[in-house]
Amino acid sequence: MPADLPSLSEFLSEPIAKRALLACLMIGFANGFVSAFVVLRKSALKIGTLSHALLPGIALAVLMVGLTQWSALAGAIFAALIVGLGSIFLSRTSRLDQDTSMGILYTTAFAGGYLILTQLNVRQKLDEWLFGSIVGMADSDMWIAFGISVVAVLTLTALQRPLLIYLFEPNIAASLGVPVRFLNYATFAVTILVLISSLQAVGCILSVGLMVAPAATVYLLTNNARALFWGGGLIGAFGSVAAFFLSYPLGWSVSATIILVLGALFLLAYIISPRYGLFSRRGRV
Amino acid sequence: MVKPATHLKEHVCWGGGGCGHTHHHRLEVRDLRVSYQDVLALEGISFATECGRSIALIGPNGAGKSTLLKALAGLLRADAGSILWRGQPLTRSSHEIAYLPQRGDVDWNFPITVRGLVEMGRYPNLGWWRQYLRHDAEIVERALTAMNLHELQDRQISALSGGQQQRAFIARALAQEAHVLLLDEPFTGLDKPAQDNLARLFKELAAEGRLLIASHHDLQTVAGNFDDVLFIKRSQVAFGEVAAAFTAGNISTAYGSTGKS
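Chains U and D are the protein sequences, given in the same order. First residue of the first sequence? That's 26 in the numbering used here, and the numbers climb one at a time after it. First residue of the second sequence? That's -2 in the numbering used here, and the numbers climb one at a time after it.
Keep in mind the hints are simulated off the structure, nothing from the lab. Nothing here was measured: the structure is a model prediction, and the numbers come from that model. Mixed in with the good hints there might be a few duds.
[What the hints assert, rightly or not] To spell it out: a stretch of chain D is covered by chain U in this simulated footprint if at least three of its residues, at any positions, have a beta carbon under 8 Å from a beta carbon of chain U; those stretches are: (1) 68 to 76; (2) 216 to 228; (3) 240 to 248.
[To be verified] Facing chain U, a subset of chain D residues (Cβ under 10 Å, in silico): (4) I80; (5) L81; (6) W82; (7) Q85; (8) R89; (9) I94; (10) L97; (11) D133; (12) H147; (13) Q173.
[Said to hold, decoys possible] Residues of chain U placed beyond 10 Å of chain D at every Cβ, according to the derived structure: (14) L46; (15) A163; (16) V178; (17) I190; (18) F193; (19) I197; (20) L201; (21) V203; (22) Y244; (23) N248; (24) L275; (25) W277; (26) L292.
Every residue, glycine too, gets a C-beta built ideally from N, C-alpha and C.
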């Protein structure tokens, strides 16, 4: 522990620390909750793509209207839509598959965004976009994060029954009358929103971890798909809060610590899982 | 007079007013054509059948078997022609028609138990939010029992044999109270005893008054497993009872290079 650091209890009495703690809890839970969808949809790579694609949107918004929470938010949504829809368009109109098109689109977008941000006089902010800034959250950030969390949890809870059938097998879902197209759009919207909150917390490079690891951990422990949502939320929240307390005395970056803790929890589940882990024997037929 | 009543009940579809012993719901396909974007997948399909039959859908790879099944399930839109179920044009999915995908298309690692899979069949009745009631639980229970899966209901679906997996999907269709079961290659990958078991099950389901349409590629077992046969190769080659239509001529038209181009 660095000597000049105030003690943890002193630090916690600061509003900024309280906000950060609350943000860890909320963003950790929402991201963990949504990670169930990401894991079941097997779209972790797509999330990585989208999270990187948010950067240029934010950069452009900052360039055009200056840096505010809302401009960053709008820019992020815009960029995610461009890359998400762009990759679908590109793969439909050329012989490329969607993965390839996404790979090109997001690296290009990321490179562009990086260059714009380095050109702007917000150099000190660059790290925050790349690696998050959960400790520096303002009240308005908190409200945005809170709103996003509520919308995400409510939407995925309300849609859970049709969503699980759709995630299991889209054709069966459609034959049962599940509104597949609507679910696609709704879940895409929720994913983008939650990505933006995880961008704030851990930045665009690490956000995939927050949106995949929690439910992946639960995935090793249960055969109940519903448990992935709430279990993922609890692990996301617990991991983020634990990382907050861990990182402070060690002087570590909170965002990196969050991902490390979640990674450690996953590893633990992998080792101890009786059925789907390291020491289990699969293929019992 | 309890016994005859129970006996009767076993032979009636579980849907309220289902396709039981007295009804013979008709499925009629008229000059159906289906394309994927600009590529024509299937054309000129016309046949009529009714509950109580089992139909083998035969044709080479790429002949359009899966396409036809998906069109019948309401998953693909027809370019032309129509599908009439109980006299009404079928324009979207119906809970009376169940679709069972190829086993290879299913993610067997999905965290779901046999019971959970069968419960999915209740979705058309439950919708997004309606409460899962005892009535639903009873229907699921009966479906599990009918497919002899009661003991296995808490197993994750990858911990089943191929035959058990196929039965779990049929149980889901029963929970859906489907009259028509559309099965994509149900016999593929099953060992001989499991195939025989499934063939027996098909006969029972048809005897109950259900209509089964299954794509099938093993020509050796068509006669034993099905009542009727529908040959397709992009377009319809032949349709009829196995005894009449399952001929060397039709087989070579469907599979041979001299077939309709």
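A quick look at each hint next to the structure:
{"no.": "1", "hint": "68 to 76", "verdict": "holds (count 3)"}
{"no.": "2", "hint": "216 to 228", "verdict": "violated (count 0)"}
{"no.": "3", "hint": "240 to 248", "verdict": "violated (count 0)"}
{"no.": "4", "hint": "I80", "verdict": "14 Å, violated"}
{"no.": "5", "hint": "L81", "verdict": "18 Å, violated"}
{"no.": "6", "hint": "W82", "verdict": "13 Å, violated"}
{"no.": "7", "hint": "Q85", "verdict": "16 Å, violated"}
{"no.": "8", "hint": "R89", "verdict": "8 Å, holds"}
{"no.": "9", "hint": "I94", "verdict": "7 Å, holds"}
{"no.": "10", "hint": "L97", "verdict": "8 Å, holds"}
{"no.": "11", "hint": "D133", "verdict": "12 Å, violated"}
{"no.": "12", "hint": "H147", "verdict": "18 Å, violated"}
{"no.": "13", "hint": "Q173", "verdict": "7 Å, holds"}
{"no.": "14", "hint": "L46", "verdict": "32 Å, holds"}
{"no.": "15", "hint": "A163", "verdict": "37 Å, holds"}
{"no.": "16", "hint": "V178", "verdict": "16 Å, holds"}
{"no.": "17", "hint": "I190", "verdict": "5 Å, violated"}
{"no.": "18", "hint": "F193", "verdict": "5 Å, violated"}
{"no.": "19", "hint": "I197", "verdict": "6 Å, violated"}
{"no.": "20", "hint": "L201", "verdict": "5 Å, violated"}
{"no.": "21", "hint": "V203", "verdict": "7 Å, violated"}
{"no.": "22", "hint": "Y244", "verdict": "6 Å, violated"}
{"no.": "23", "hint": "N248", "verdict": "4 Å, violated"}
{"no.": "24", "hint": "L275", "verdict": "35 Å, holds"}
{"no.": "25", "hint": "W277", "verdict": "33 Å, holds"}
{"no.": "26", "hint": "L292", "verdict": "20 Å, holds"}
Checked against the numbered hints given earlier, the structure breaks hints 2, 3, 4, 5, 6, 7, 11, 12, 17, 18, 19, 20, 21, 22 and 23 and satisfies all the rest.
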